[in-house]
Amino acid sequence: MFNFIMTGDDLRRIRLSANRSTEEMAKIAGVNRTTYERWERGIGFPRGDKLIMLLLYCKFDISQIIDGVEALKTEFSQYKDLDHDEQPNSYRISKKKNHLRPFELEGEPESENR
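Residue numbering for the sequence shown follows full-length UniProt numbering, starting at 1 and increasing by one per position.
One should not assume that every hint holds.
List of simulated lysine-lysine pairs, DSS-like, C-alpha gap at most 27 Å [to be verified]: (1) Lys-73 - Lys-59; (2) Lys-50 - Lys-73; (3) Lys-73 - Lys-27; (4) Lys-50 - Lys-27.
What follows is a list of derived Cβ distance ranges for each label pair [claimed, not checked]: (5) Gly-68 - Ile-28: 20 to 28 Å; (6) Glu-75 - Glu-23: 34 to 42 Å; (7) Leu-16 - Glu-75: 29 to 37 Å; (8) Asp-67 - Gly-8: 30 to 38 Å; (9) Ile-66 - Phe-45: 16 to 24 Å; (10) Asn-19 - Glu-75: 17 to 25 Å.
It is worth saying that the hints were derived from the structure and are not from the lab.
Even glycine gets a Cβ: it sits at the ideal position worked out from N, Cα and C.
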């Protein structure tokens with residue numbers, strides 16, 4: 001199973017090993033410098049897409065991350081056809097008819113404007 005954990009200290013080490021400033025890293029991530037510095041201090045963390053951009057900017061090998069994502073995709077493919085996202089998940093479709101209709105709270109009259 002995929003197990004990839006990165007901390008703010010890791011983010012800082014990667015930045016320093018690539019000889020980058022916090023301002024450069026913030027610009028690549030599309031955030032201000034203080035937000036990036038908070039990430040390094042462990043306050044919050046960048047979304048996956050921003051993290052990948054930062055790692056690539058520092059020339060970090062992301063093959064382990066990609067392999068882990070592929071492993072997750074394989075593991076969860078039994079629950080949903082990932083190549084055809086428009087198809088609903090057949091394992092979780094409600095057996096009830098009209099399962100997509102909004103529910104009514106008990107005691108409230110149905111709206112006539114539907």
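Here is what the structure says about each hint:
1. Lys-73 - Lys-59: holds (25 Å)
2. Lys-50 - Lys-73: holds (20 Å)
3. Lys-73 - Lys-27: violated (31 Å)
4. Lys-50 - Lys-27: holds (11 Å)
5. Gly-68 - Ile-28: 20 to 28 Å: holds (22 Å)
6. Glu-75 - Glu-23: 34 to 42 Å: holds (39 Å)
7. Leu-16 - Glu-75: 29 to 37 Å: Since the Cβ atoms of Leu-16 and Glu-75 sit about 35 Å apart, the hinted range of 29 to 37 Å holds.
8. Asp-67 - Gly-8: 30 to 38 Å: Given range 30 to 38 Å: violated, Cβ gap about 24 Å.
9. Ile-66 - Phe-45: 16 to 24 Å: holds (19 Å)
10. Asn-19 - Glu-75: 17 to 25 Å: violated (38 Å)
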